[in-house]
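*Asks:* Put together the whole structure using the sequences plus the hints.
Protein chains: 2
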Amino acid sequence: MSAPIDRFFSIIPAGGIGSRLWPLSRAAAPKFLHDLTGSGQTLLQDTWDRLLPLTPPERIVVVTGEAHQSAVEEQLDDLIANNLFLEKSPKDSTAAIALAAAILAKREPDVIIGSFAADHVIVEGAKFEKTVREAIEVAATGKIVTIGITPTEPSVGFGYIKTGSRIEGADTAREVAKFVEKPNIEKAKRYVESGKYLWNAGMFIAPAKLLLDQLAKSEPQLHASIIEIADSWDTPARAETVARIWNNLKKVAIDYSVAEPAAAAGLVAVVPASFSWHDVGDFAAIAELQSQGRSGNLAVLGNAKVLADSSSGILVSESNRLIALIGLEDVIVVDTPDALLITTKAHAQKVKSLVDALKATGHSDVL
Amino acid sequence: MSAPIDRFFSIIPAGGIGSRLWPLSRAAAPKFLHDLTGSGQTLLQDTWDRLLPLTPPERIVVVTGEAHQSAVEEQLDDLIANNLFLEKSPKDSTAAIALAAAILAKREPDVIIGSFAADHVIVEGAKFEKTVREAIEVAATGKIVTIGITPTEPSVGFGYIKTGSRIEGADTAREVAKFVEKPNIEKAKRYVESGKYLWNAGMFIAPAKLLLDQLAKSEPQLHASIIEIADSWDTPARAETVARIWNNLKKVAIDYSVAEPAAAAGLVAVVPASFSWHDVGDFAAIAELQSQGRSGNLAVLGNAKVLADSSSGILVSESNRLIALIGLEDVIVVDTPDALLITTKAHAQKVKSLVDALKATGHSDVL
Numbered sequence: 001m002s003a004p005i006d007r008f009f010s011i012i013p014a015g016g017i018g019s020r021l022w023p024l025s026r027a028a029a030p031k032f033l034h035d036l037t038g039s040g041q042t043l044l045q046d047t048w049d050r051l052l053p054l055t056p057p058e059r060i061v062v063v064t065g066e067a068h069q070s071a072v073e074e075q076l077d078d079l080i081a082n083n084l085f086l087e088k089s090p091k092d093s094t095a096a097i098a099l100a101a102a103i104l105a106k107r108e109p110d111v112i113i114g115s116f117a118a119d120h121v122i123v124e125g126a127k128f129e130k131t132v133r134e135a136i137e138v139a140a141t142g143k144i145v146t147i148g149i150t151p152t153e154p155s156v157g158f159g160y161i162k163t164g165s166r167i168e169g170a171d172t173a174r175e176v177a178k179f180v181e182k183p184n185i186e187k188a189k190r191y192v193e194s195g196k197y198l199w200n201a202g203m204f205i206a207p208a209k210l211l212l213d214q215l216a217k218s219e220p221q222l223h224a225s226i227i228e229i230a231d232s233w234d235t236p237a238r239a240e241t242v243a244r245i246w247n248n249l250k251k252v253a254i255d256y257s258v259a260e261p262a263a264a265a266g267l268v269a270v271v272p273a274s275f276s277w278h279d280v281g282d283f284a285a286i287a288e289l290q291s292q293g294r295s296g297n298l299a300v301l302g303n304a305k306v307l308a309d310s311s312s313g314i315l316v317s318e319s320n321r322l323i324a325l326i327g328l329e330d331v332i333v334v335d336t337p338d339a340l341l342i343t344t345k346a347h348a349q350k351v352k353s354l355v356d357a358l359k360a361t362g363h364s365d366v367l
Numbered sequence: 001m002s003a004p005i006d007r008f009f010s011i012i013p014a015g016g017i018g019s020r021l022w023p024l025s026r027a028a029a030p031k032f033l034h035d036l037t038g039s040g041q042t043l044l045q046d047t048w049d050r051l052l053p054l055t056p057p058e059r060i061v062v063v064t065g066e067a068h069q070s071a072v073e074e075q076l077d078d079l080i081a082n083n084l085f086l087e088k089s090p091k092d093s094t095a096a097i098a099l100a101a102a103i104l105a106k107r108e109p110d111v112i113i114g115s116f117a118a119d120h121v122i123v124e125g126a127k128f129e130k131t132v133r134e135a136i137e138v139a140a141t142g143k144i145v146t147i148g149i150t151p152t153e154p155s156v157g158f159g160y161i162k163t164g165s166r167i168e169g170a171d172t173a174r175e176v177a178k179f180v181e182k183p184n185i186e187k188a189k190r191y192v193e194s195g196k197y198l199w200n201a202g203m204f205i206a207p208a209k210l211l212l213d214q215l216a217k218s219e220p221q222l223h224a225s226i227i228e229i230a231d232s233w234d235t236p237a238r239a240e241t242v243a244r245i246w247n248n249l250k251k252v253a254i255d256y257s258v259a260e261p262a263a264a265a266g267l268v269a270v271v272p273a274s275f276s277w278h279d280v281g282d283f284a285a286i287a288e289l290q291s292q293g294r295s296g297n298l299a300v301l302g303n304a305k306v307l308a309d310s311s312s313g314i315l316v317s318e319s320n321r322l323i324a325l326i327g328l329e330d331v332i333v334v335d336t337p338d339a340l341l342i343t344t345k346a347h348a349q350k351v352k353s354l355v356d357a358l359k360a361t362g363h364s365d366v367l
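For the record, the sequence lines run as chains H and D.
In terms of the working numbering, the first sequence opens at residue 1 and continues consecutively.
In terms of the working numbering, the second sequence opens at residue 1 and continues consecutively.
Don't take every hint at face value.
Calculated lysine-lysine pairs in the DSS-like style (CA-CA distance at most 30 angstroms, straight line) [as the list claims (entries may be wrong)]:
| hint | chain 1 | residue 1 | chain 2 | residue 2 |
| --- | --- | --- | --- | --- |
| 1 | H | 359 | D | 305 |
| 2 | D | 305 | H | 350 |
| 3 | H | 305 | D | 350 |
| 4 | D | 305 | H | 352 |
| 5 | H | 305 | D | 189 |
| 6 | D | 359 | H | 305 |
Partial chain H-side listing against chain D, Cβ under 10 angstroms, derived [stated by the list, open to error]:
| hint | residue |
| --- | --- |
| 7 | 80 |
| 8 | 82 |
| 9 | 84 |
| 10 | 91 |
| 11 | 335 |
| 12 | 337 |
| 13 | 340 |
| 14 | 344 |
| 15 | 357 |
| 16 | 366 |
These aren't lab readings, by the way, just hints derived from the structure by calculation.
From the three backbone atoms N, C-alpha and C, an ideal C-beta is built for every residue, glycine too.
*Replies:* Right under this line is the structure:
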């Protein structure tokens with residue numbers, strides 16, 4: 001059998017609207033299709049580039065909704081047509097990742113897959129590569145490997161990974177004792193103080209077969225459906241099979257269907273990330289990211305002409321308008337052709353409820 | 001001679017950009033062309049309607065810049081073509097009012113004129129009418145009459161009128177002891193506490209001839225130029241005369257050229273206003289006006305779809321966009337097709353410096 005890295009395949013699940021980034025991120029143009037870092041590239045393009053030192057374009061798969069096909073193709077020049085897996089409708093992360101794993105395993109039985117969300121921000125590419133390479137080596141020994149982020153604060157916005165003993169022979173990898181769901185603040189503080197917990201960033205590296213075997217045990221029906229679709233994928237029967245099965249696929253996060261039961265069975269390892277990581281879940285997080293190394297400034301994303309007088313925070317503009325701000329502290333301004341959001345960093349999380357309210361009041365045209 | 005009211009003519013000087021109301025008010029669409037009260041009419045239309053109980057359309061004149069001719073004609077259906085006096089360029093209030101007075105005096109020698117700015121807010125129409133009627137009676141006795149606003153606070157934004165003794169036979173009119181310029185806050189407090197001072201709202205009612213005689217004394221050259229233009233106005237020589245003289249007209253406020261010297265000569269009276277008055281000089285003033293009788297609310301002018309969560313202040317929109325505000329206190333948002341202003345009520349006065357900065361940085365396309 002060839003070396004683990006030569007059997008490796010990257011999967012980029014590109015889904016999730018990112019309600020807390022409305023009105024920038026929305027159904028028609030979700031988070032991963034935007035440049036949220038000022039890098040000049042979208043998060044999807046950044047993710048692609050980050051994976052190139054691990055996998056050539058022929059070994060990178062993107063899983064996304066049918067609605068985003070043209071945007072994804074436009075943004076990723078080097079994506080192989082055969083490696084774009086389109087979802088008929090959103091069915092959560094198990095369907096997306098397990099289907100990709102099953103199609104790839106059918107094409108190449110010994111494949112080791114790694115799943116990396118399209119909308120996370122990781123700037124230290126070399127450290128990312130080193131961490132994933134270790135994860136691939138550990139995965140090849142028969143493990144589902146996740147990457148754990150060392151907490152920088154007692155966040156209640158992430159699930160945590162309780163680490164176990166060191167894995168013999170590995171550089172930094174540890175057994176995973178268990179996954180724990182998003183804690184309250186007291187628990188989060190204890191987790192962080194203990195030094196035994198890492199954030200779960202949702203990255204999984206595993207032999208495709210092992211991941212599918214685990215799914216077969218915990219969700220046999222979903223597994224059977226996934227395998228049936230995968231078997232038909234590269235055949236003329238794909239359309240008929242998808243049409244018949246897709247809508248009935250169970251929606252479940254891969255954390256529940258695979259990671260947690262596998263951890264309970266002692267099959268999961270974690271490699272602590274040596275890189276810094278951001279999920280840019282809301283505009284406050286983007287402002288934070290933009291203002292690193294500066295203070296009290298206004299971060300500007302987009303091509304607005306801006307005149308700011310004693311203002312700080314973040315301004316995201318998709319218009320060419322002149323925007324003038326006077327005397328606003330920690331403000332968030334998001335200016336799009338059909339919707340304008342103005343709030344403050346302290347209220348960044350409330351954007352999600354706003355989107356819910358928009359749904360409820362019949363404004364789905366701007367969602 | 002006929003009764004004073006029958007000799008009365010209303011002059012509406014419609015000028016002044018209102019920099020502190022940028023980006024709503026601008027060179028091409030100044031303050032008086034906007035609905036700033038939510039009345040459904042512009043300030044100019046409100047001013048016109050307020051004058052109708054005093055003067056029929058044939059006895060109302062509008063003085064405005066050539067650039068605003070079509071907007072004014074569109075907004076004032078009943079304006080007589082012959083009563084629209086167009087200024088070749090802005091030359092301050094003396095030129096505007098004295099020229100109108102001189103043209104009207106030429107048409108009707110015994111005319112009493114009243115000058116009422118196009119961009120003030122007065123909602124109590126009946127009280128306004130009563131106050132002006134008294135002013136006209138007093139003017140007919142040979143006085144230049146101003147209308148004084150009872151101060152509601154020690155404002156440093158207005159000039160003040162020091163009142164003298166009651167005028168015999170008049171209802172409420174008093175002599176004007178003197179006009180004083182915008183005071184500092186200490187002086188303003190003393191003025192208000194004394195009970196002897198009123199705000200100068202820049203309304204003047206006087207026999208046209210008396211006003212022009214006073215101008216002849218204080219600004220003989222300007223007076224001569226004005227008379228020369230007025231003499232030509234209703235003749236084929238108008239265009240040539242205006243082309244030759246207009247650009248050299250001295251720019252001076254009527255307060256300096258007429259009101260102050262006339263007061264020193266004992267020729268000015270004041271009728272205290274029985275109505276409430278607002279000059280809506282900035283967005284904080286508009287917010288104030290809108291929020292009367294309510295508290296902590298967001299006032300909305302324009303046709304935006306608004307979703308506001310625990311926000312207060314004022315939102316002015318000329319777009320049809322959805323605007324969402326979360327957690328903003330005393331905010332000012334002004335949304336126009338090519339420019340967006342966001343600030344707070346506390347910084348409303350700074351909008352003028354912003355406009356100056358825009359001029360300085362070559363953004364005059366949005367001014």
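*Asks:* Each hint needs a verdict: does it hold in this structure or not?
*Replies:* How the hints compare with the structure:
1. H:359 <-> D:305: Distance ~14 angstroms between residue 359 of chain H and residue 305 of chain D Cα, so the pair holds.
2. D:305 <-> H:350: Holds - the C-alpha atoms of residue 350 of chain H and residue 305 of chain D are around 19 angstroms apart, at most 30 angstroms.
3. H:305 <-> D:350: The given pair, whose Cα atoms are some 19 angstroms apart, holds under the 30 angstroms limit.
4. D:305 <-> H:352: Distance of about 18 angstroms is within 30 angstroms: holds.
5. H:305 <-> D:189: violated, 42 angstroms
6. D:359 <-> H:305: holds, 14 angstroms
7. 80: violated, 39 angstroms
8. 82: Residue 82 of chain H check fails; min Cβ-Cβ to chain D is 40 angstroms, beyond 10 angstroms.
9. 84: violated, 33 angstroms
10. 91: violated, 30 angstroms
11. 335: holds, 6 angstroms
12. 337: Since the shortest Cβ distance to chain D is 8 angstroms, the answer is holds.
13. 340: holds, 5 angstroms
14. 344: It holds, given that the least Cβ distance between residue 344 of chain H and chain D is near 6 angstroms, below 10 angstroms.
15. 357: holds, 6 angstroms
16. 366: holds, 5 angstroms
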